[in-house]
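Peer 1: As they're listed, the protein sequences go chains Z and W.
Per full-length UniProt numbering, the first sequence starts with residue 1, numbered consecutively.
Per full-length UniProt numbering, the second sequence starts with residue 1, numbered consecutively.
Hints were generated in silico from the structure; no laboratory data involved.
Some hints here could point you the wrong way.
Identical copies carry no separate label here, and so any pair may be met within one copy or between two of them.
[Stated by the list, open to error] Below, in silico cross-link-like pairs of lysine-lysine (PhoX-like), each with a Cα-Cα straight-line distance of 25 Å or less:
#1 293 / 320
#2 100 / 368
#3 137 / 90
#4 308 / 320
#5 88 / 100
#6 201 / 282
#7 293 / 270
#8 240 / 2
#9 95 / 17
#10 201 / 88
#11 282 / 346
#12 261 / 2
#13 282 / 259
#14 320 / 240
Quick caveat: nothing in here was measured; it's all calculated off a predicted structure.
Residues per chain, in single letters:
Number of protein chains: 2
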Amino acid sequence: MKIIHTADWHLGKMLNKVDLIEHQQTMLEQFIHAMEEERPDVIVIAGDIYDKVNPSNVALNLFEQTIERLNQDGDVPIVIISGNHDSKEKLSFAKYWMEKQNIHIKTTYEDVFSPVEIKGMKFFCMPYFSPHYMRSKEHDVESHYDVYRVLVDALNQEELINDDHVNFCVGHLFVQGGMESESEKDIQQGNLELVHASLFKDFDQVLLGHLHSPFSLEDQRFQHIHYSGSLLKYSFDEEKQPKGYRVISIDNDGNTSSKFKGLQDPFAMKVYRGSIFDILNKEVEFDPDTYLKFELTEVKEVNNAYYKLRNMYPNLLEIKPVLEQSDLITEQGEVNIERSDEDIVKQFYEFVEGESFTELQQQYVFEKIRGIEDDETNSLNH
Amino acid sequence: MKIIHTADWHLGKMLNKVDLIEHQQTMLEQFIHAMEEERPDVIVIAGDIYDKVNPSNVALNLFEQTIERLNQDGDVPIVIISGNHDSKEKLSFAKYWMEKQNIHIKTTYEDVFSPVEIKGMKFFCMPYFSPHYMRSKEHDVESHYDVYRVLVDALNQEELINDDHVNFCVGHLFVQGGMESESEKDIQQGNLELVHASLFKDFDQVLLGHLHSPFSLEDQRFQHIHYSGSLLKYSFDEEKQPKGYRVISIDNDGNTSSKFKGLQDPFAMKVYRGSIFDILNKEVEFDPDTYLKFELTEVKEVNNAYYKLRNMYPNLLEIKPVLEQSDLITEQGEVNIERSDEDIVKQFYEFVEGESFTELQQQYVFEKIRGIEDDETNSLNH
């Protein structure tokens, strides 16, 4: 049995005003051809199909055409869940008719309890649910850990996960492993989004979306839990990540293996860290098709660096000053590694504009930052 | 053979901030039950399914559920075209899968030339096309008349309309009949949207959407052309229009008849024309579930009439002062029936606010109106 696992397509995503739809199309074209070779028994797409709750017509069309071709007139079953970027309603529109062609779109709480059954396998679908959504289903939950604990408990209580089938979980969440010494409660308090891997011990295979690296969870104890990674690189943090899909194989004796297969990534990006003078003097060369982020030292003496550099490199998407150890010595001679948020804004402004920050500007930024912090505190408490 | 004709559902429409979705749901529920009785061979929905190019999730859901129930798991074929309120892309999303269940969604130029064939009938679908859209298909057209002339000519040239089948046209446009003395060119120049009924002479039956009255075209010479009317009353002009659907019957000898069947309209509206004092003194009574429009005489002496009346009648949606003959005598003693746009705004402002219009306000309104007129002129020329 061969199961293909992909996720986080983010159709319609813009990265710093660059529209990625053509790169997405190129990548999906490769994926479709790969599937013609693989001839899988099921394809699983684990959430964040679209980048926005209100996808553009171009993004909708790309989804529709891709799914139609992958499905091969009903021959290849497809299981799709919604992620945190998807609108449950928009993604599941027309699911009634797609279901008849073996395309299963799962977006709701109720869907968790009616697994998709394909060739002796059961796919328990856990779309992204906010704690708020779960409260509307009368579950008193605070964190994402609570959400998935409630779901797994309910499945166990109804004895739905059992040995009659191979039990798959398809989810879209931030699973954390490898932290044996910390209690689950600690994890929950540290990051409300984290869910500990041990929660999914009863499933034979767990296919996840949300984290963009295909190797997000590399832990010997949780070899049955996988991230496929995203379709493309969607931030400069992903510069060195391979992009592709996973193949889960189950042999006749029930042995399972998972393998990541890379595709040719059409969206090249590079983070250059170094001296701004080397760039201005053209001592470094960049591929004209590669999108760039500069992390620059020695920037204090250059005015309007950003605009100058954008003119030289139209593919420059992001710029960040890198403060060296000597910049961090305060007037009192102390090392001030932990800059305040206000200082970061002030230094960035002075770097970009080449002018010093006024009292009035400082006050404005200070108030804004306090406002954001208050909002965050409030949203954590609700 | 029995063909059901409906159109102009405008799902998601708001009328003066009143959300009509529940009334639409009630009416569609009746329609679904009526179809269970009628047991039609085809249902035709002639455009303006949604009210907006970006329909709300609630509107999308209502469409999806209604079509699913009407279609009865593929047993009842449905033909749907896009109207001027629909987005071609949004309406046709998932049409590939719906087609397999006998639901045919037609939105493009190319669709015109592949009629839907059902039980010896051909449905030629002419969705709403703007002249701009047709120019993108390399047809040099200016008016709606040009658009449909091009389409009918092309169908004739390819000899697609012929006697092998009963030829239906499904369209969404403003057809005008009964003007024998005027040339088609006059009609075209007078109103760019009008299309003369004689253009459709080669079709056996023409089922239209766009105009909201089921009796929009009552002309002995064009008995084969029908409007079904809209699902609900969508403006106070429609106060007295019945709402329902049409039944087109074709007997074994090929004789055709069309009959309008009314449904129980859940959205009651009333236009009251009379003295404002009768209302303020409660000498007129209104049903509390009926939405109201007041056309009022003697309003000059009442300040803030609108807000007063809204407090008394929460269902009051529109108010309009009615100027009597004596109001229209200018200082020079001449009858000034044709008020300028500026005068209309000025008089309405004074009526609502009970204050006179300042010079500054007059100037502002004057400029705005000129701006709108310029925009209109420009858009007609492109």
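Peer 1: If a hint holds in the structure, say so; if it doesn't, say that too.
Peer 2: Comparing the hints with the structure gives:
{"no.": "1", "hint": "293 / 320", "in the structure": "within (8 Å within a copy, 61 Å between copies)"}
{"no.": "2", "hint": "100 / 368", "in the structure": "neither (51 Å within a copy, 54 Å between copies)"}
{"no.": "3", "hint": "137 / 90", "in the structure": "within (20 Å within a copy, 30 Å between copies)"}
{"no.": "4", "hint": "308 / 320", "in the structure": "within (14 Å within a copy, 59 Å between copies)"}
{"no.": "5", "hint": "88 / 100", "in the structure": "both (19 Å within a copy, 24 Å between copies)"}
{"no.": "6", "hint": "201 / 282", "in the structure": "neither (54 Å within a copy, 72 Å between copies)"}
{"no.": "7", "hint": "293 / 270", "in the structure": "within (6 Å within a copy, 64 Å between copies)"}
{"no.": "8", "hint": "240 / 2", "in the structure": "neither (28 Å within a copy, 63 Å between copies)"}
{"no.": "9", "hint": "95 / 17", "in the structure": "neither (32 Å within a copy, 31 Å between copies)"}
{"no.": "10", "hint": "201 / 88", "in the structure": "neither (27 Å within a copy, 47 Å between copies)"}
{"no.": "11", "hint": "282 / 346", "in the structure": "neither (29 Å within a copy, 66 Å between copies)"}
{"no.": "12", "hint": "261 / 2", "in the structure": "within (14 Å within a copy, 56 Å between copies)"}
{"no.": "13", "hint": "282 / 259", "in the structure": "neither (42 Å within a copy, 79 Å between copies)"}
{"no.": "14", "hint": "320 / 240", "in the structure": "within (19 Å within a copy, 67 Å between copies)"}
Comparing the model with each earlier hint shows violations of hints 2, 6, 8, 9, 10, 11 and 13; every other hint is respected.
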